[in-house]
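Undergrad: Work the whole structure out from these sequences, hints included.
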Amino acid sequence: MTTKEYNHCVRHLGDDLYRFALRYANLSAAAEDAVQDVFADLWERRSEVEAEGARGWLIRALYRRLVDMHRHDEVVRNAQVAQENEYRQHENFELKDALAHALATLPEQQRMLVLLRDLEGYEYAEMAQMTGLSEQQVSVYLFRARKQLKKQLEDYR
Amino acid sequence: MITMENYEGWLMRYADGALTHEEREAVEAFLEQHPELREEMEEVAGVKVTPVVATLPGKERLLKKEHEGFAWWRVAAAVALMALAGTTLLVLNRKPNEAGPMVAQAQPEPANAAEPQETDTTHKTYKNNKPYEPYKTHKTHKAHKPYRPQELPAEVPLLAEEVAPQASPIPPQDTLEEIPKPSRPEPTVTVPPVINDARLATNPWLEALTASNN
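So the sequence lines, in the order shown, correspond to chains L and Z.
Residue numbers for the first sequence follow my numbering, beginning at 1212 and rising by one.
Residue numbers for the second sequence follow my numbering, beginning at 682 and rising by one.
Hints were generated in silico from the structure; no laboratory data involved.
Possibly wrong hints are sitting among the right ones.
Claimed, not checked - Some chain Z residues close to chain L (C-beta under 7 Å, calculated; not the full set):
#, residue
1, Met685
2, Glu689
3, Gly690
4, Arg705
5, Arg719
6, Val728
7, Ala735
8, Leu737
9, Pro738
10, Lys745
Unchecked claim - Under the rule of at most 35 Å between Cα atoms (straight-line distance), these lysine-lysine pairs were calculated in the DSBU-like manner:
#, chain 1, residue 1, chain 2, residue 2
11, Z, Lys746, L, Lys1215
12, Z, Lys729, L, Lys1358
13, Z, Lys729, L, Lys1362
14, Z, Lys740, Z, Lys729
Note that CB positions come from ideal geometry on N, CA and C, so glycine has one too.
TA: If you want it as structure tokens, here you go:
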């Protein structure tokens, strides 16, 4: 990957990665950090990454970064605190972004799978490969995740 | 086999269109037996996460300068420019020389005037080598210079600019016919002469030439 192709990735994939991370972490600072880290990593390894596979490479790197952040409890704690503050500040916030709140209630792995499927359009085989789950497990988690989201959204209406 | 224990995954993949034809038929048969699950499946499948409207802050800081790829272009361009400049300088430096030989050609004439036969042999050399261009004729002179004292006057361009004017009137007519050959008319040839015999006399090369001519 050339410098030009790297810059193209930043310009054209940066927002998508940020939105993905924002949905996952629900906290702009954490999402921004994760995406910045991933691009720094891409720059370091640009000689190994082909431009055509850059999006997949970045999503996988972002996935690992977010899971890592979650394990260190950064995302969960920060997101919960931020969310509670935001809900207190804006009475109608839940109506605006109930989905963000609903997502935050999901187990980390289910949340990731829903985002991979809905935001990035990943196939079951790809999600299974990325997460190390079987396709059957992936589909079960997705079903439960959507069921939970639906329940949460109904509670806010 | 689809059961009440594992139906979630099957229904999810059914709703997502991720099943083979046979698997789809199996799921449809299962839903025939459990119609309440079809409603659940359709509700669940309708829940989609939409992207947040947001843009990555600090994107500009992530961009890198794209000069890497152009480094060799720049080097190549610099080399090309230098080569061009060098060539231009060469050409520019040649111009005085170009004028030089023409004058130089005129200059030996006074000596030749005394001995027309010498003139003939000299011009033979000219014609044998480069008949058309006086510029190249000069080269011939230089090439032969070490060996043939008769052509030493070609060296004289050092003095040529000053000596030139006086050269034209002295030569006989046949040499004047030779002079107009250069494509570029040489104004110095037509300028009225300034007698410079003293200088000619003090030029050791010309002295030698005159001596040999005589």
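Undergrad: If you take the shortest Cβ to Cβ gap from Leu737/Z to chain L, is it below 7 Å?
TA: holds, 4 Å
Undergrad: Regarding the hint that Arg719/Z lies at the interface with chain L, is the smallest CB-CB distance below 7 Å?
TA: Given a least distance of 14 Å, the restraint on Arg719/Z is violated.
Undergrad: Mind checking the CB of Pro738/Z against every CB in chain L and telling me if the closest is under 7 Å?
TA: Status holds, d = 6 Å.
Undergrad: For the pair supplied as a hint, Lys729/Z and Lys1362/L, is the alpha-carbon distance within the 35 Å limit?
TA: holds, 13 Å
Undergrad: Please verify whether Lys729/Z and Lys1358/L have alpha carbons no more than 35 Å apart.
TA: holds, 11 Å
Undergrad: Holds or violated: Lys740/Z with Lys729/Z, Cα cutoff 35 Å?
TA: holds, 28 Å
Undergrad: A closest beta-carbon separation below 7 Å is what the hint needs, so does Lys745/Z meet it against chain L?
TA: holds, 5 Å
Undergrad: Interface hint check: Gly690/Z, Cβ to nearest Cβ on chain L, cutoff 7 Å. Holds or violated?
TA: holds, 4 Å
Undergrad: Close enough to count: is the Cβ of Glu689/Z nearer than 7 Å to one in chain L?
TA: Holds - the Cβ of Glu689/Z comes within 7 Å of chain L, reaching about 4 Å at its closest.
Undergrad: Starting from Lys746/Z, check that the Cα of Lys1215/L is at most 35 Å away, please.
TA: holds, 8 Å
Undergrad: Could you check if Ala735/Z really has its C-beta closer than 7 Å to a C-beta on chain L?
TA: holds, 6 Å
Undergrad: Should the interface hint for Val728/Z be scored as holding, given a Cβ-Cβ cut-off of 7 Å against chain L?
TA: Where the cut-off is 7 Å and the nearest Cβ of chain L is about 4 Å from Val728/Z, the hint holds.
Violated hints, in rising order: 1, 4, 5; the structure is consistent with all others.
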